[in-house]
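**Q** Put the two chains together into one complex; each comes in its own frame, and the hints tell you how they fit.
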Amino acid sequence: MSRSFRKMNLVGALGLILLLVGSAIGLFVAPAEKHMGDVMRIIYVHVPSAWVSMLCFAFAFGLAIWSLWSGKAQADARMTGAIETGVVLNGLLLIQGSIWARATWGVWWDWDVRLTTSLVMMLLFAGVLALRAVVDDTHRRATWSAVATIVAFVDVPLVYFCVRWWRSLHQVQSTPDTLDPAMVVPLRINAFAILFVALWLISMRSRIELERRRQEEVEAPERIVFEGSPEHA
Amino acid sequence: MPEGVIVGGWGYVIAAYSITAAGLLVYTWSLISRLRKLERDQGNE
Numbered sequence: 001m002s003r004s005f006r007k008m009n010l011v012g013a014l015g016l017i018l019l020l021v022g023s024a025i026g027l028f029v030a031p032a033e034k035h036m037g038d039v040m041r042i043i044y045v046h047v048p049s050a051w052v053s054m055l056c057f058a059f060a061f062g063l064a065i066w067s068l069w070s071g072k073a074q075a076d077a078r079m080t081g082a083i084e085t086g087v088v089l090n091g092l093l094l095i096q097g098s099i100w101a102r103a104t105w106g107v108w109w110d111w112d113v114r115l116t117t118s119l120v121m122m123l124l125f126a127g128v129l130a131l132r133a134v135v136d137d138t139h140r141r142a143t144w145s146a147v148a149t150i151v152a153f154v155d156v157p158l159v160y161f162c163v164r165w166w167r168s169l170h171q172v173q174s175t176p177d178t179l180d181p182a183m184v185v186p187l188r189i190n191a192f193a194i195l196f197v198a199l200w201l202i203s204m205r206s207r208i209e210l211e212r213r214r215q216e217e218v219e220a221p222e223r224i225v226f227e228g229s230p231e232h233a
Numbered sequence: 001m002p003e004g005v006i007v008g009g010w011g012y013v014i015a016a017y018s019i020t021a022a023g024l025l026v027y028t029w030s031l032i033s034r035l036r037k038l039e040r041d042q043g044n045e
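Residue numbers (my numbering), protein chains in the order written: chain A, 1 to 233; chain B, 1 to 45.
In isolation and in its complexed conformation, chain B is listed as follows (with noise of 0.2 angstroms):
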């Protein structure tokens, strides 16, 4: 094996961009949906 290679570690990969990838989608949505209601909000007006 050689000097100073990390084995494996494709757990630590996976964590980082399943935070990623949830983090980015929950603010996502979370703007989409306060959009949405005021969208619905002017279309009441």
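Here chain A stands alone, though its shape is the one from the complex (with noise of 0.2 angstroms):
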């Protein structure tokens, strides 16, 4: 195993930690809110599951760039890892806000523009992954990628604006100056909670992919052999 692989351990070690103890801390310590009582602890798992999923988007989206430019298969690798990632937090956060959505406004779904760009964003970038599992060709299946990653980051800063550009039943991001301080500790603990434990996600499934990549050019000599082969002449 690598050093850099077992820092990586260790920093999703630390993101599984911080997260025990920020989601301690919002389900018990922190205070209940004014209006929306305890079902409002839902946003220590929320608000970080959203800017997290977010940020990965991004990390693919200047990835997606590098690996146009360079053509490395690093590039590549790492950003099939934050696009995964990223759609696994985007998935989650759509759930978490259903329940949350559920309990008080009393539907599961609105097709407010929030929600909608939310679930927008989550298939455009699982709709390159599905791209990448059908591409056989190792090149052309970095460089469609790649293209569509960048198409698709036009929808995340919609997701983030939209509540201040256009009328929404979602509330407007959460800030400390929105927030009761005793609120914002768990809240940040459990964003860098989930930033490390993306990272770690992320190195683990970019691995992955370079042990794909790898396999795929090894294999690749044989198909060209047999292709000029003098038996095919």
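Read the hints as simulated data drawn from the structure, not as lab findings.
Predicted model, so just to flag it, every value in this text is computed and none were measured.
We put the beta carbon where it would ideally sit given N, CA and C, even for glycine.
Possibly wrong hints are sitting among the right ones.
[As the list claims (entries may be wrong)] Below, in silico cross-link-like pairs of lysine-lysine (DSSO-like), each with a Cα-Cα straight-line distance of 30 angstroms or less: (1) A/72 x B/37; (2) B/37 x A/34; (3) A/7 x A/72.
[Stated by the list, open to error] Short, incomplete list of chain B residues facing chain A, as computed with Cβ under 7 angstroms: (4) 6; (5) 10; (6) 12; (7) 13; (8) 19; (9) 22; (10) 23; (11) 29; (12) 31; (13) 34; (14) 38; (15) 43; (16) 44.
**A** As structure tokens, this is what we get:
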């Protein structure tokens, strides 16, 4: 196991510990909200999931540009890791939000702009993963999925700013100015926790993707020999 | 009872946290399993 991979395992372990600590503070120490009561405690997993999923997609966007520019396997592999982790967090965010919506709005879903753009964001990046699954050629897969990632990223700022630009059921972004100080602490702890866990997941997924590419490149020379062999002249 | 306060609601909170934990655990386990398989295959080469 490489040194950098062992470091990432420590980052992941730190993230899991922080997640336990932050969640415990959020559930048992932080006060209930004035109107939503204890239901509001969902914020301590919902908002960090949202922030980190968007960060993952932003990271993937940067890696997509690097991949197109350099053609490096590392860029493509890390981009895949970032997208997959982002999609998982995005999916969790939608489920958490749906549960919170049921409790506060009385419905599991509404075609509100924030909810709809978040769903579209998940589907766009899931589409990039689906594209990668159907393209066999390594270089074509890297190029096409990098382009698709850049296109998909257009939705990310829409998701973030839509609550300010348009009328929405969903509240505006949570900041230290809009939250009680006792609520800011567990929110920040969990934000870093989920970020560290995401970085660990991205590193593992990147390693799997790099190995997949290595195996494809090992197998490819056999195909070339087969196509050019004298038996097939 | 004060106006505008949702009473109880711990069921929703537990559901949200449980699904989050389960989702992260399942994905993490799937990655770790795939990595272990890769390391075994590399060891066999």
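**Q** With reference to the structure, classify each hint as holding or not holding.
**A** Quick rundown of the hints versus the structure:
| no. | hint | in the structure |
| --- | --- | --- |
| 1 | A/72 x B/37 | holds (25 angstroms) |
| 2 | B/37 x A/34 | violated (50 angstroms) |
| 3 | A/7 x A/72 | holds (23 angstroms) |
| 4 | 6 | holds (4 angstroms) |
| 5 | 10 | holds (6 angstroms) |
| 6 | 12 | holds (4 angstroms) |
| 7 | 13 | holds (5 angstroms) |
| 8 | 19 | holds (5 angstroms) |
| 9 | 22 | violated (9 angstroms) |
| 10 | 23 | holds (5 angstroms) |
| 11 | 29 | violated (11 angstroms) |
| 12 | 31 | holds (4 angstroms) |
| 13 | 34 | holds (5 angstroms) |
| 14 | 38 | holds (5 angstroms) |
| 15 | 43 | violated (12 angstroms) |
| 16 | 44 | violated (13 angstroms) |
Figure legend: structure checked against the earlier numbered hints; hints not met, in rising order: 2, 9, 11, 15, 16.
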